[in-house]
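Undergrad: All chains, please: the whole structure from these sequences, using the hints.
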Amino acid sequence: MTPRPPLRIPRPEDLAIPLRDLFRGVQQAARIPMALAQPVVSHLPDPVRDTLSQIGQRAEVIYKDSLTIWRPSAPEIRRATTLLTDANPSDLAATGRVVAWALEVALARQDNTPQFFISETVVTLALDEALTKTATDADPSARAAAVLFAVVSHGLGPSPDTFPSPRMTPERIAQLRSAAFAAALFLLAERSVDLDDEIRILSYAITITDLIAAEIHAAAEPVDNASHIAALLRQHAEMI
Amino acid sequence: MNVEQIFGQSVHLPLRRALQRFRWFTASFTTEIAAQSAATGMVYETSDHAMGRVFLDWRKAFITQNPQDPSERERFIGFAAGLMLRSMIRHKPLCCPQAYRKNDLSAPQGFWPEGHAYVSYCLAIRAAILVEEFGEDTLNSAARPAERDDIRTWQSFRENVTEDPSLAIPFLDLFAGETPNWAARDVFRWGNDPTILDFAPNRH
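Just so you know, the protein sequences line up as chains A and B, in that order. Under this note's numbering, the first residue of the first sequence carries the number 145, and numbering increases by one thereafter. Under this note's numbering, the first residue of the second sequence carries the number 3, and numbering increases by one thereafter.
To be clear, the hints were calculated from the coordinates, so they are not data collected in a lab. No residue lacks a Cβ here, since even glycine has one placed at the ideal position from N, Cα and C. Nothing false has been slipped in among the hints.
Label pairs and their calculated CB-CB ranges:
#1 B:Ala-36 <-> A:Ala-362: 34 to 40 Å
#2 B:Arg-146 <-> A:Arg-222: 42 to 48 Å
#3 B:His-14 <-> A:Ala-282: 22 to 28 Å
TA: Written out as structure tokens, the structure reads:
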């Protein structure tokens with residue numbers, strides 16, 4: 145009988161998906177705040193109860209920190225935009241993190257948006273697909289349009305409301321398309337060296353996307369019109 | 003007024019080009035409104051969504067009517083500022099809450115705080131571009147038009163633009179000390195003859 149390898153705790157770099165994705169997934173698939181778990185926990189012996197409470201509170205803090213504190217630096221944003229000009233960007237995962245952040249901000253600004261599980265890993269896979277499809281296309285707005293379509297087609301993961309079914313409703317597709325357009329517009333816009341300015345630029349991209357939403361959806365339904373979306377992106381990126 | 007006073011920071015573009023970018027349009031408007039608040043004590047709330055509408059509406063009209071003839075550029079600067087005022091009247095990006103309003107209804111800023119702020123902004127950018135492009139300081143010239151402080155003109159302005167926002171264009175000319183074109187008010191190419199005055203708004 146072959147001896148089993150010793151158990152070991154994996155290092156973060158060994159994990160297939162980033163820890164932030166794990167926290168997001170756990171939190172969004174099983175939303176059990178500690179307040180709700182309290183009646184059950186209260187029946188446990190004191191030492192176990194205290195330990196569980198501490199773990200739960202710590203997990204909530206880590207999760208919230210992972211979502212609310214992280215934001216890219218201005219140089220990280222600038223590096224991410226090489227996606228639109230370079231067929232082989234050096235660090236696609238870092239670019240995926242920036243795009244996921246932009247999507248998260250854009251979705252949070254929408255009214256009545258159901259929760260999306262925004263996975264950096266899935267976003268990075270979508271970016272990889274977009275790069276493959278536009279390998280011979282040097283037009284940044286065409287690449288940005290490809291990013292938009294790839295993000296929408298991947299769907300970013302299931303909603304906690306519909307979990308485990310990843311089916312996307314037309315409403316969710318439209319919301320995701322709007323957020324992906326805003327993120328693509330943000331990537332195309334002229335960069336700033338200042339992070340506050342970059343955050344404002346993302347905000348302007350979201351505002352403009354909201355105002356031209358009807359045009360965006362008309363260009364993507366019933367079938368994606370890549371050249372029209374690219375033209376809309378180019379035209380409005382110049383305005384920001 | 004120089005470029006840094008307009009935007010609150012240095013800009014690497016000529017003013018006329020910078021204002022066609024949402025980031026610089028917003029920066030210039032925010033800077034001007036902050037300056038007005040400091041001067042008058044009136045505080046304004048700004049709607050980002052309405053600002054977006056103002057910008058897209060104005061830019062579309064600007065591009066449609068921008069003349070190719072360079073000799074028309076100086077006159078078009080005034081017209082484009084009027085288009086901006088029209089968009090602001092239409093989409094109302096500002097709101098001055100009641101608690102911050104002045105009760106002096108005989109002064110333009112007390113009578114219509116938001117309208118006064120829009121006019122001040124449009125006159126400021128109009129003047130700054132004319133200085134940058136042609137060296138003309140129209141805003142600080144000695145001949146300040148009496149209409150700019152005349153409450154009856156402001157009453158007429160408010161009543162008329164509420165019914166027809168396009169009248170904002172000739173009204174801005176009036177506030178700038180230029181001859182308004184009341185007839186072909188929202189079409190630049192028809193404005194070559196400023197003596198067309200066959201329509202005038204209701205005056206109190």
